[in-house]
Amino acid sequence: MSPSVAVVGPGAIGTTVAAALYEAGRRPRICGRTARDQLELQTSHGRIVVPGPVQTDPAQAGGTVDLVFLAVKATQVEGAAPWLKALCGPDTVVCVLQNGVEQESIVRPYAGAARVIPAVVWFPSEPQPDGSIWLRDEAHVTLPDRPESRVVLDALRGSWCAVELAGDFTSVAWRKLLQNAVAGFMVLTGRRSGMFTRPDIAELALAYLRECLTVARAEGAVLGDDVPQQIVEVFQTSPADMSSSILADREAGRPLEWDIRNGVMQRRGRAHGIATPISDVLVPLLAASSDSPA
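According to our numbering, the residues represented by the sequence shown are 1 to 294, in order.
Watch out, some of these pointers could steer you wrong.
[As the list claims (entries may be wrong)] Simulated pairs of lysine to aspartate or glutamate, DMTMM-like, Cα-Cα distance not exceeding 25 angstroms: (1) 176 x 203; (2) 85 x 154; (3) 85 x 126; (4) 176 x 233.
In case anyone wonders, no lab produced these hints; they're calculated from the structure.
With the hints as constraints, model all of the structure from the sequences given.
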């Protein structure tokens with residue numbers, strides 16, 4: 001029997017997961033801030049319509065579930081706390097579909113007795129003007145190899161969203177964080193992936209990623225010297241108009257996840273006595289882009 005599932009936060013990531021569940025024959029509860037009759041995901045294989053409604057009142061959540069996919073940004077976790085309270089029991093697993101390496105420490109205070117597991121999301125999905133989501137590539141998720149991750153495996157079994165378990169989840173999570181961190185350059189330039197083909201931007205990105213790599217290794221990640229170049233090449237070979245969630249938030253005037261994507265590099269670097277000169281410039285600029293009054 002498949003686990004009962006709720007998706008909290010039907011944005012780009014949440015809609016993608018809800019669509020994968022629905023296509024596999026599951027009907028997740030969908031919980032968010034805005035009432036909607038349905039969710040729509042556009043893929044290379046066509047459009048998937050996930051029936052709603054999107055529930056907006058935690059008091060009407062319908063009781064606890066086996067699995068909660070928490071797909072809100074780190075800046076929205078406190079706002080999602082009523083949903084976690086309504087949906088989580090002692091046997092619930094909360095799978096945090098969120099950027100960064102601090103998902104557990106951020107979400108655990110709001111999850112009660114539920115078990116919280118982090119995830120690394122490997123799919124580019126972007127909101128469209130009509131309210132639908134465009135999934136630009138194949139979808140898969142990496143989880144730590146723990147017993148509670150089996151609930152996520154069961155929920156997504158047979159779907160087109162692959163799930164892999166990593167024995168060294170720390171290294172996987174920090175590698176993805178490096179990729180997310182350098183995407184912060186998009187906020188400061190207002191440009192998309194195509195800008196990384198500029199030699200000066202590529203050089204600066206490599207220097208920043210090497211700084212981040214030193215921090216990641218101090219945190220226990222096992223990553224090779226070639227990782228910075230690999231990440232820059234990912235941006236260089238992506239469609240020139242490929243965006244990122246942090247740029248989309250900047251364009252929409254929303255708070256940015258600058259702290260969990262970039263501030264963490266500076267914070268953890270200082271804790272290990274590692275110099276982070278590029279972070280020391282980048283982080284205040286990103287913070288100002290998000291939090292300044294004007």
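Let me make sure I understand: some of the numbered hints might not hold for this structure. Which ones are they, in numerical order?
Failing hint: just 3.
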